[in-house]
Structure formats: C-alpha cells, structure tokens
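Go ahead and model the full structure; you've got the sequences and the hints to work with.
In order, the protein sequences belong to chains A, B, C, D and E.
Terminal number for the first sequence in this note's numbering: 94, no gaps in between.
Terminal number for the second sequence in this note's numbering: 489, no gaps in between.
Terminal number for the third sequence in this note's numbering: 108, no gaps in between.
Terminal number for the fourth sequence in this note's numbering: 308, no gaps in between.
Terminal number for the fifth sequence in this note's numbering: 100, no gaps in between.
It is possible that some hints are incorrect.
Unchecked claim - Which chain A residues face chain C? A few, computed with CB under 8 Å, are given here: (1) D3; (2) T10; (3) G13; (4) I18; (5) I25; (6) Q30; (7) D41; (8) I48; (9) V52; (10) Q55; (11) V83.
Don't read these hints as lab results, they were simulated from the structure.
By construction, the Cβ of each residue, glycine as well, lies at the ideal position given by its N, Cα and C atoms.
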Amino acid sequence: MADIATYVLTGLGLVFFIAGTVGLIRFPDQFSRLHALTKGDNLGLGFIALGVAFQTETWAQVAMLLLIWGLALLAAGTVSQLVARAAVSESQKP
Amino acid sequence: MTALISWLVLPLFAALAAIALPSRARLPAALLGVGLTVVASIWLTIEVWNTGAVTVSLGGWRPPIGIALRADGLGAALGVMTALVMVAVALAARHELAAKVAGPRIGFGFWPLMLLLWAALNAVYVARDLFNLYVGLELITLTAVALVAISGKAAAIAAALRYLLFALAGSLLYLAGVVLTYAAHGTLDISLLAARTVAPGDALALGLMTAGLLVKTALFPFHVWLPPAHSAAPAPASALLSALVPKASLLILLRIWFEAMPELATPMTQSALASLGALAVIWGGVLALLQSRLKLIVAYSTVAQLGYIFLVFPLAGGDGAAQPWAAGAWTGAIFQMLAHGLAKAAMFLAAGIYIAAIGSDRLGDMRGLARALPMTGFAFALASITLLGLPPSAGFTAKYLMMTAAFASGQWAWALVPAGGGLLAAAYLYRPLSAIFARDTALTPRPIPWAWQTVPLVLAALSVALGLLSSIPFEFLQIGRPEQAAEGL
Amino acid sequence: MTLWLHTLAIALLVSLGGALWRVWRGPSQADRMMAAQLIGTGGVAVLMVLAALQDWALLVVAFALATLAALAAVGFVKSESPDGAGDPEEAPPVKKMRGTGQDRAQNG
Amino acid sequence: MSLVLDMALCALILGVGLATVAGHGVFRAVIFFITYGLLLAIGWARLGAYDVALAEAAISAGLTGVLLLAAHGRLRRLRAAEEAPLRPNLPAALVATGIALALGWAWFALPDPTAPDLTAALPQSGVGNPVTAVLLNFRAWDTLLEAIILLAALIGLWMLARDRAWDNPLGLRYHARAGGVMASFGRVLPPIGLIFGIYLVWAGAEMTGGAFQGGTVLAAVCLVSIMADVLPAPRIAQPAWRLALVFGPGVFLLSGVAGAVFAQGFLALPPELAKPAIVTIEAALTLSIAVTLVLLVIGPPDEGGQDA
Amino acid sequence: MNLTVFALTGAALVGLGVYGLIARVHMLRRIMAFNLIGSGLFLFFGAAGARGVGLDPIPQALIITGIVVALSASALAVGLVVALARSSGTACLPDEAGDT
Numbered sequence: 001m002a003d004i005a006t007y008v009l010t011g012l013g014l015v016f017f018i019a020g021t022v023g024l025i026r027f028p029d030q031f032s033r034l035h036a037l038t039k040g041d042n043l044g045l046g047f048i049a050l051g052v053a054f055q056t057e058t059w060a061q062v063a064m065l066l067l068i069w070g071l072a073l074l075a076a077g078t079v080s081q082l083v084a085r086a087a088v089s090e091s092q093k094p
Numbered sequence: 001m002t003a004l005i006s007w008l009v010l011p012l013f014a015a016l017a018a019i020a021l022p023s024r025a026r027l028p029a030a031l032l033g034v035g036l037t038v039v040a041s042i043w044l045t046i047e048v049w050n051t052g053a054v055t056v057s058l059g060g061w062r063p064p065i066g067i068a069l070r071a072d073g074l075g076a077a078l079g080v081m082t083a084l085v086m087v088a089v090a091l092a093a094r095h096e097l098a099a100k101v102a103g104p105r106i107g108f109g110f111w112p113l114m115l116l117l118w119a120a121l122n123a124v125y126v127a128r129d130l131f132n133l134y135v136g137l138e139l140i141t142l143t144a145v146a147l148v149a150i151s152g153k154a155a156a157i158a159a160a161l162r163y164l165l166f167a168l169a170g171s172l173l174y175l176a177g178v179v180l181t182y183a184a185h186g187t188l189d190i191s192l193l194a195a196r197t198v199a200p201g202d203a204l205a206l207g208l209m210t211a212g213l214l215v216k217t218a219l220f221p222f223h224v225w226l227p228p229a230h231s232a233a234p235a236p237a238s239a240l241l242s243a244l245v246p247k248a249s250l251l252i253l254l255r256i257w258f259e260a261m262p263e264l265a266t267p268m269t270q271s272a273l274a275s276l277g278a279l280a281v282i283w284g285g286v287l288a289l290l291q292s293r294l295k296l297i298v299a300y301s302t303v304a305q306l307g308y309i310f311l312v313f314p315l316a317g318g319d320g321a322a323q324p325w326a327a328g329a330w331t332g333a334i335f336q337m338l339a340h341g342l343a344k345a346a347m348f349l350a351a352g353i354y355i356a357a358i359g360s361d362r363l364g365d366m367r368g369l370a371r372a373l374p375m376t377g378f379a380f381a382l383a384s385i386t387l388l389g390l391p392p393s394a395g396f397t398a399k400y401l402m403m404t405a406a407f408a409s410g411q412w413a414w415a416l417v418p419a420g421g422g423l424l425a426a427a428y429l430y431r432p433l434s435a436i437f438a439r440d441t442a443l444t445p446r447p448i449p450w451a452w453q454t455v456p457l458v459l460a461a462l463s464v465a466l467g468l469l470s471s472i473p474f475e476f477l478q479i480g481r482p483e484q485a486a487e488g489l
Numbered sequence: 001m002t003l004w005l006h007t008l009a010i011a012l013l014v015s016l017g018g019a020l021w022r023v024w025r026g027p028s029q030a031d032r033m034m035a036a037q038l039i040g041t042g043g044v045a046v047l048m049v050l051a052a053l054q055d056w057a058l059l060v061v062a063f064a065l066a067t068l069a070a071l072a073a074v075g076f077v078k079s080e081s082p083d084g085a086g087d088p089e090e091a092p093p094v095k096k097m098r099g100t101g102q103d104r105a106q107n108g
Numbered sequence: 001m002s003l004v005l006d007m008a009l010c011a012l013i014l015g016v017g018l019a020t021v022a023g024h025g026v027f028r029a030v031i032f033f034i035t036y037g038l039l040l041a042i043g044w045a046r047l048g049a050y051d052v053a054l055a056e057a058a059i060s061a062g063l064t065g066v067l068l069l070a071a072h073g074r075l076r077r078l079r080a081a082e083e084a085p086l087r088p089n090l091p092a093a094l095v096a097t098g099i100a101l102a103l104g105w106a107w108f109a110l111p112d113p114t115a116p117d118l119t120a121a122l123p124q125s126g127v128g129n130p131v132t133a134v135l136l137n138f139r140a141w142d143t144l145l146e147a148i149i150l151l152a153a154l155i156g157l158w159m160l161a162r163d164r165a166w167d168n169p170l171g172l173r174y175h176a177r178a179g180g181v182m183a184s185f186g187r188v189l190p191p192i193g194l195i196f197g198i199y200l201v202w203a204g205a206e207m208t209g210g211a212f213q214g215g216t217v218l219a220a221v222c223l224v225s226i227m228a229d230v231l232p233a234p235r236i237a238q239p240a241w242r243l244a245l246v247f248g249p250g251v252f253l254l255s256g257v258a259g260a261v262f263a264q265g266f267l268a269l270p271p272e273l274a275k276p277a278i279v280t281i282e283a284a285l286t287l288s289i290a291v292t293l294v295l296l297v298i299g300p301p302d303e304g305g306q307d308a
Numbered sequence: 001m002n003l004t005v006f007a008l009t010g011a012a013l014v015g016l017g018v019y020g021l022i023a024r025v026h027m028l029r030r031i032m033a034f035n036l037i038g039s040g041l042f043l044f045f046g047a048a049g050a051r052g053v054g055l056d057p058i059p060q061a062l063i064i065t066g067i068v069v070a071l072s073a074s075a076l077a078v079g080l081v082v083a084l085a086r087s088s089g090t091a092c093l094p095d096e097a098g099d100t
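Okay, here's the thing in structure tokens:
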C-alpha cells in the first residue's frame, strides 16, 4: 500500500519536474519560462517529498521532508519573484 | 616536549591576541609573542642538543591514526634561524610599518600575518605527516600572499595574484601526490612511508609532489613569480618572504627525497634536479645583473642562491647516501639555507632603511649612502660576503662542504656551480655596493634611528659568525639525520 | 522499490540535464540563474530519493542544499542590481547617474 | 541499475565541468560552477561520504558560488567582467590530457586498499561519527590549522582595502525595500538556519554534521540577512566581531594546551571527557567559522559606491 | 566498478581544471579551474577511500579540510582579482591581458 503511494506520488513529481524542464527549454520568452519553472519545481518537489515520506522509518524523517519542501517553497517563491524583477530591469536596460 | 609545543602555540596565541586586542595593546602583545617564541625556540634547540630529536604524537594518537611531530637538528636549526629573522623583522617593522607611519590598515594586519606565518613555518619544520605539511604550506601561502599585497599598490596586487596562482598550482600538484600516496599505502607519516612496500604509483606521486614543491620553491624555470612578489612587498615583509618562505617547501622536498622515499631516487632524477639548480644559479645571477633597483637585485639573487641547495640531491641522495661525503654535502646544503636566510633578511632590511631614507631603491639614487648610513652599508657588505661565499662566512662553509663532496664523489662537474655562481654573485653585488660606497652622493637621506640601523647589521654579522663557529652547528645538524645518510659518518 | 527509486533518480538527473541546456543557452542572465535554481530544487529531490534508497542521513544534506541554493539566488539578485547591493523591488533605484555601472555584461 | 545512476551522475558532473572551462562568458561559467558543486554533493552522497556531501553542498555550491557571483558583479561595474574570445590552446590540452591519463593509470595501479585500523581507537575518541573523531581528535592539529587558515585568509582579504576606507563598514552597503520580499526572506530564514546549524554541530558528534558544515549554514543565513539589510554590516574596529573571530581557534588552542598540562599531551582528550570537550570546541569553532565565512564573503571595507 | 567511474571522473576533472588554468586568462575563471582540480582530486581520493571494507573516515576528514582550505584560498584570490580590477581595470594578469 505504502509502496503504491510512493510509486504514484513520486511518479507525479517526476512528471512535474520533466514538465518544468520542457517548459524551460521550449517556451519562447523568459517570463513564461519563469512561470513554467516555478510551477514545475515546487509541485514536483512536493510530490516527491510526499512519495518518499511513505518509505520513512520515523516521523522525524517525515517532518524533515516536509520542512525541506517548505524551505524550498519559501526560497523558490522569494527567489523567483526577485529574479523576475531583476529580469525586468535587465531587459529594460538600454 | 613542552619546548616543542610552546614553540608551536606561542606565535598562534600571539596572532590571535594581535587580532582581538584594541590597537594600543596590539604592538606590545605582538612583541611579547615574538620574545616568548624566541625563548621557546632556544629552549627547543637546547633540548634537541641534549637529548636528541624530540618526537611527539599529537593527542596521544600514534601514526597512522594520528599526526606525529619530530624536531630534529635540521628542523630546530631552521627554527632558530627563523626566530632570529623574525626578531629582526619585528624590530624593523616597529619603525617601518607602525600604524602612525604606514597607516592603520598595515598597522593592524602586519603583526597577525607575521605571527601566523611564523606559526606555520614552525609547524612545517617539525611535521611528519604529508597532509599536515600541506595544511601548513597553505597557511604559509596565504599569509605570504597577503604580505606581498599589503602595500596596496597596483604592482603589488598583480604580483600577489601571480604568486597566488603559482603557489596554488604548486599546492595542488603536491596534494595530488599526497592523495596517491595515501590511496596506495594508507598512511601519510614520513617514517611509516619509509618502511612501506613500494607501489607502482609511487614514482608518479613523488614526481607530482616534487613538481609542486619546485613551483613553491621558485626553482628555475618556475621562478617568474618570485622577483616581482618579493620586491613589491614592504622591506620587512620581503625579508620574511625571501629568507624564510621558500625554505619551507625546500625542507619538505628534502624530507620526501631523503626520508620518506629515498629508494625512488635515481641518478637521472637527482642530476635533473641539480641541473635545474645550476640553471637557477646562472639565470638568477644574470637577471640580477640586469636590474637597476636594489630590491629586484636582491630578489633575483634569491632565485640564484636557492639553486645551490639542489646540488644536495646528487651529492647526498640515493646510492650516494651511504658514502662518507654525503654528510658533508647534506650539511653544506642546510648551511646554505641558514646562511642565505640570515644574509637575505639583512639585505632586505637594509634596503628598507634606504627606502625610508631616500624614498627610492634605484641604484642611481643610492650613490654615496654609506657616508650618511655607514652601519647599513656595512651590513649590506657583510651580507654580500655570505652570499658570495667568501671565508669566513657561513656561505663559504656551505660551498666548501658541497665542493668537497663533489670532488670526493667524483662528480666534480657540480663543483663548478658554486664556483661560477660565486663569480656571478660578485658581479651582481658589485653594482649596489659600488653605488652605496660611492664617493659622490645623489640624494640627502632622512635620519634613521640608530636602533633600526643596527638590526640588519646584527643579522649580517650572524651570517658571517655562523661560518666562524661552524663546528657546533655542524654537529647539531647531524641530530636525527635520516639513517641512510647518517651511516656515512 | 529499489529499482523504481534508481530509475526515478536517473530520470530526475536527465531532467536536470535539460535545465543545464538552458544555463548554456541563456540568453539572459536571469534565464541562467532560474535554470540553476531549478537544478538546485532538482538536486534536493534527487537527494530525497537517495535518502530513501541509501540512508536517511542524506535529508540533512538536502536541507543544507535548499538553504544554500537560496543564498546563491539572493547573491545573484544583489550582484545584478546597479550598485551590487540593491533590491529589484525598490522604487527605481536612486539614479546617481555616475554614467557607469549600467552596462550589461556579455550574453554570449 | 546503480551503475547506470552513477554513470549518469558522473556524465552530468563532467559535462558541467567541461562547460565551466570551455564556454565563453564569465557569468555563464560562474553559474555552471554553482551547479557543479551541487552535482558533486550528490556524487559524495552516492559514495556514502555524507559529511563530505554536506560540506560540498554548503561550501562549494553555496558560499563559493556567492563569492564568485558577488565578484562578477563588482568586476562588471569595473568593466572587467568581459573576456576576450577564447582560443583553443593545444599545449595546455596536451598537459591536461597527460595529467588526467596519469591519474587514471594510477587508479588501476593502486595496490589493495590498506586503511589504518580505527576499531580500537574509535571508542576512545568520545564521538560516534568517525569523521568527527578524525577531525576533532585523531587529527585535531590539522583542523586547528585549518581554522587558522580561514582566519589568515580574512586578514589577508582585509589588507586589500583602501586605506581611506579602513574604518568603513565591511562590504557593500546593502539595501532592500523595507517590508519587501527580500527583507522578509532575510527575517524568516535566519531562525530556521540557526536551528539547523546548531543541530548540525550537535548531531555531528554522532551522525552527519560538524562544525564546518554547521558554521557554513549559519554563515549562509547571516549573509542573507545582511544582504537583505536586516542585519548591519560589521566594522573591523568593533571589538566584539574580532573577538568572535578568534574565539573558536582560541578555545581549541587552550583545550590543546590543557591536554598538555592535565592529560597525556598537547591536544589529548581523556576518553571520559572527550565528548563534552569535543562538543565545546565544536560550538566555539562553529561561531568563529560562521563569522569568518560571513566576513570573507562580504569582503573588505568598501568605499561605498566609489569603485566604479 | 562504481568506484572506478567516480575515480576516472575525478581524473578527468583534474584534466579539465588544468586546461582551464593554463588556457584561460580571466582570473575568475582560473579560480574556478583551481576548484575543479581540487574537487577532482578529492573525488579520486574519496573513491580510493571507499575501496576497502567499510568507508575509511580519514580521507573524508582530509577532504573536508581540503574543501575549507580551497574556500579560504578562493576568497583571498577573489579579493585580489577585484583589487586588481580596481587598480588596473582588468581581471587578467598584466602580461596576459593583451594576448587574447
């Protein structure tokens, strides 16, 4: 049962990662690339963390997984906003 | 053992104090540290003299688990030479690099850097572990590069960066050899390595370590970084860089070739090293001849003077190690290290006095300075006697021992190197000496405190006196000599 | 399960390879940094998978990687601003009009 | 399957290494270098060297990356970040290939592995993590000198300041929009990082972690706070900062001397006291390492916008 | 076999770093090349230390020390490069700036 949850959730996570990467490669302009990417990696990491959580041995490990995901979410949110702004000012430079 | 440990930790404590204490307490703390470390180094020397080499397993863990230190005659002798140079540099820097003269930045930074360099040199002199030696070398490199850059001038920054580039390349080559050695033998202790079963990769490891150390020692053709770096630093820093820093990598080279892996030495490799040394003597001498600034002449002369030491490889290494002349060649090479250290420090400190007096070290500007600053002129002349290898200086003893070994071993061609090098040195030192002692004067010097002027004089006098008293140091240097070489006695 | 986790890690690595292409291609510096950010997150994901595969101690490494990746990105944003110390969210940076510092670095 | 995984990982590492060296453009190389450190950390994880993976992730991918990014920013403002078109260099390629082949040959020529037998020594070391036992007990002298090296690099870095800037705060004058995303990030991250860093030091005695890794994490969150203008940049003249720099090495040295006075020798730790002693030394070292790393990254006192 | 993959990767990284060190003149790129050489050596070392029964902790400790030393050297080098650019307007060494 736990194994099936892991297969499904990590598989989903992988799909999001691949989608994010494909978006990063394929989208023509920088801002849609940014958008694709933040979706892809946040959700992808979340599903993988959840999927891996079904294999853990202690609750502390589950907490750690969620903590890492939370930290990554926070960092990615902050960073993508700042980098997007930086990109705007970069593209506005003469 | 107490002496050895105090000698290692006192400069570290003093450096930490110099960083943490407020500016008015910095100089007293640094000078106190210098004084105490000198006492410790004399204490260590007496202990080695009385009881033989001092060995310590740090933390009580014997190799291959832990790190061993061993103060033999060679390490302790270099330690004393270093202590003498450090005292002299500290006394000169008190005048030249004081915060009110050189600004708060240099006034802050010079002391901890000098003390950390000292601690690192001491650590290298006694380390028996190849990786610990790497860490010590890196500490030396970083402090030395900072000392090159400390003046803040554009040329100094560029010289420091070039120095760092070469030094790090050397470190990585050395590290590659260390990695291969541990991977093959599971230990890095020099004594344990001496007893190892030779592995096929050992020659590669030895080659990599040697190449790295040659870059750090500035042996021809890896010398290009040295003259700009040593001449760009303030004189007290140059004295440290030229007199002491190359000796550390040279010492490791001796330890590896004579103690850790002596059986890998072949006549070919030994001759190759000595040939590079001979080329360094010639090339350094010729370039010194072409310079018009005193500090550059002195810096190129370091390239030449370090070259002599490499004659030790064919004269005392490999199969020759068991021969009667090996002891003489070995001692001669170490004498050269000691004599060059004292004399070179004296020369740079003298150059510092000239720069403080007239604001320039161009030979043309220095004409007739001996009249106003006779003690400094005399110091420079005495130091020149040592570099030329004239009797009764220690430089003479060194060259005499090496030439005797060359004749005794039938490798008389190597005897040409000290002889020819002496002539070249006479040529390149004649120019600054004739300028300093010229009858006419170019510039009127500012007055220099008497106490400052005596500093290089004492160092230069010591470099000559070492030759007069050479029988005591000769015996001292045999303490703890690698067994293979000691058999020859 | 071991087989799946291996496959998963390999697939994630391949996906990171795709992001590396974007780092190579650019064209803007922000593109490169965002791709590096994706690689950072992907690296955290790989470490999570390896933690399940080998040893849960690796979660500590994943955590460190997540923290430090954030630092690198903040460092990038700072170094991108005109004076090297700013914040893109600030109202148009106080233009000191020194005439320098506004030039774009190469985008090759 | 595990071989495929390792080969894929190594292929990525090599590709990124190649891109760092071969691609034109300094900025691109810096970004590749950051991802390189990250992939290498995964490589260490695969090799089972978790403490090294932690150090690599924190130091190579994180701190060195920020250091290079900040330097690139400064060079760009000094118009020195561009590089001339790259040309292939055949002699360099020959030397490089020769060295790589020699190392590759050396791998296959290695004799059977011999490692020192630590089974008797480890229970005496006071800690359960063998890497910590080596770093803080068996080879403590290396570690002490390593902490000193960090300090020496910082003093050297400070010597690159201009004399007229000596009394200024260290590094650039960071500013951020009050209440903005960056400023809030600079407030939220430090508590998390603080707890995590302390955990790493505490756990390092028995599990993955250690003073250098913990200190690096602490340094990273402090740097984010300083860059977000939440924490002020220190000045060299402030004694508390200089004290923090020497505190760790000082405690380490003193405990080493105490070993010489009260125990079997310099840096000796009696087995029954080893654990508390190591944790104390590590705690002190962590503080100093964190402060030193922060100051190493933000750089010498700056003249405040005059460097362009 | 897995260890061989890592060791050979390490050897190749050393080669790449050596090439970068000699062929590149921008000093930031040389600093990166240094770090490539160092980490390549460490990877080789780590693989060698993993050959026996169980993991030898000594190489790991030495590698951690080496990583910190490399960071210290890189920090000083980066500071020197910025100082060089400030005083001479270029991030290449004087006699090499013109030859590219």
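Tested hints:
The beta carbon of A:D3 comes within 6 Å of a beta carbon in chain C, closer than 8 Å, and the hint placing it at the interface holds. Annotation: A:T10 was flagged as interfacial toward chain C, and the flag holds, the nearest CB pair being 5 Å apart, inside 8 Å. For the restraint placing A:G13 at the interface with chain C, the shortest Cβ-Cβ distance is roughly 7 Å, inside the 8 Å limit, so the hint holds. Of the supplied interface hints, the one on A:I18 holds, with its beta-carbon coming within about 5 Å of a beta-carbon of chain C, less than 8 Å.
Hint on A:I25 holds. Least Cβ distance to chain C is approximately 6 Å, under the 8 Å limit. For A:Q30, the interface hint holds, the least distance from its beta-carbon to any beta-carbon of chain C being 6 Å, beneath 8 Å. Hint status for A:D41 relative to chain C: holds, with the closest Cβ pair at about 4 Å, below 8 Å. A hinted interface residue such as A:I48 counts as satisfied when its beta carbon comes closer than 8 Å to some beta carbon of chain C; here the least separation is about 5 Å, so the hint holds.
Annotation: interface hint on A:V52 holds; nearest CB of chain C at approximately 5 Å, less than 8 Å. With a cut of 8 Å, the hint placing A:Q55 at the interface with chain C holds, because the nearest CB-to-CB distance is about 5 Å. The interface hint given for A:V83 is met, as the beta carbon of that residue sits about 5 Å from the closest beta carbon of chain C, less than 8 Å.
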